[in-house]
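Asker: Chains Y and H supply the protein sequences, listed in that same order.
Using our numbering, the first residue of the first sequence is number 1, and each one after it goes up by one.
Using our numbering, the first residue of the second sequence is number 1, and each one after it goes up by one.
By construction, these hints were calculated from the structure, which means they are not laboratory data.
Take these hints with a grain of salt, some might be off.
Only pairs whose alpha carbons sit at most 27 Å apart, straight line, appear in this in silico BS3-like list of lysine-lysine [said to hold, decoys possible]: (1) H:K93 with Y:K214; (2) H:K7 with Y:K80; (3) Y:K214 with Y:K228.
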Amino acid sequence: MTQSNHYDAIVVGAGPAGLTAGIYLSRGHVRTLILNEGTIGGQMILTHEIANYPGVESVSGYQLSMVMRNQAKKFGCDIKSNISIASLNLDADIKEITLADGSVFTADAVILSPGGRSRTLGVPGEETLKGKGISYCATCDGDFFTGKEIMVVGGGNSALEEAVSLTKYVSKVTIVHQFDHFQAFDYAVEEARNNPKIAFMMESGITAFHGGEKLEGVEITHLKDGSKQNYPIDGVFIFIGYVPNTEFLSQKIETNTWKEIVVNADMETNLKGVFAAGDSIAKKYRQVTTAVADGTIAALSASRYIHELHKNNALQPVIS
Amino acid sequence: MLYTNLKHIETAAEHQKLINENENVMICCGRMGPMCIPVYGIMEDLEGEYKHVKFADMEFDSPESHVIRNVPEVRSFMGIPFTMYYKNGKLVKATSSIQSMTQVRNILDSEFAAAK
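Chain H on its own, in the form it takes in the complex:
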């Protein structure tokens, strides 16, 4: 269980629904560990500012998170969390391991800039 204030995605179907129904989506797939918690914290802080983006998390160890763990874009990833950015249902960017506030902002601003 992820103890965050973000929306939790528990099933592959929920994941599909979220990215289908929202133009801009950021999902952090991880555990409650030191590389993941900072990214959840950043997302919680940015949620109010980036109202055109839907923020959510998903448990890395849940079998349902195969929708993130098995996509070709993360084949070379060897560090959690896997952070995914979707636009109109399509994966446009993915990062591996801890990220800073600046790195997350840069991606949000470049990938989801038009709607801000």
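Here chain Y stands alone, though its shape is the one from the complex:
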């Protein structure tokens, strides 16, 4: 049996963009529901210390997300986390979202802020050896690899900075990168190149992980000549960027080549009454501050849209 609930606005996602939208909408007396597939805080909780959020000298990502969640709730925002969305109908005037448990929620406007997630290599052995030698978090798991030899995959700032930080624990780090140059800032590249514990394997990629109870080795493919070689290794840390969580959206929402949602300056998508904000939209910079700004704009635009909609509906002549 399904249950139906109508809100003025539904926000999909509870990272900094979604929570900010929830705060602004609820404070403006717009009846709002936030539906969140993952953990509240989104990728903000991946950060141990946020030291560049204006007005707050230093805070953990987890603490900041809890404050934002409480602010939204205090203003009357409903939040459902760890749900699973089964389907969305966003083209009609009344937007409809159905959850996997059969619950149906409708709204006049929807703000999409599903965020992104760490990109995985998607090669054989990755899923089964996660946590058994394959990791995506240096600060969490670095100490398990004390005295061991590891690889770091990636060529951006995260990969190079984490590779340097892992040298505190390990005997050797080999950075495996698909190109012949790095995308990271010069200072990060220089620091890695100057570290005697770090070696480089350029124009190469891991194409398989080997191991049983734990990781024992990897297959490396040289991407220029296609040659393959197996290397014994104790651990692999993967830092190859993020992908937007937009797979669940219908093809009617305009996205770009990277599946990021296309919005205008008011955070409007190509569908009437549907807005988007945060890391899932097409933009250059992804920070907590930019997500918060996106969420604010999306909420104000949605509020204006809902207000106009209700005003027009009130002016409609009653036909009997």
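Starting from the structure of chain Y, add chain H where the hints point.
Answerer: Just chain H, lined up with the frame of chain Y:
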């Protein structure tokens, strides 16, 4: 200190008491980090639904958590959190690193299905 809304286990004795006195127990042993927080969040969300399961957390860096860190089943684990599932006092399943809601549900449903 773990800033969660779960029951916190602080000593090895408390751990033993919890698994002895409850048929189904899930314990997440971790830190306040990005791989652990999502699992705590999932447990908090499932606590109301799986009333036949006791949910708790334990600090990975506490010396008392040797009761989890040193069992043979986690010998190959190299990623936190270590999430342990106990039935009638016995460890029936353990996972390493971050898990999704679906993965946790699947384990709860398969290991603790009879009592649901």
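Asker: When you check the alpha-carbon spacing of K214 of chain Y and K228 of chain Y, does it fall within 27 Å?
Answerer: Distance ~22 Å between K214 of chain Y and K228 of chain Y Cα, so the pair holds.
Asker: CA of K7 of chain H to CA of K80 of chain Y, is that 27 Å or under?
Answerer: holds (22 Å)
Asker: Does K93 of chain H pair with K214 of chain Y here, judged by a C-alpha cut-off of 27 Å?
Answerer: holds (17 Å)
Hint compliance for this structure: no hint is broken.
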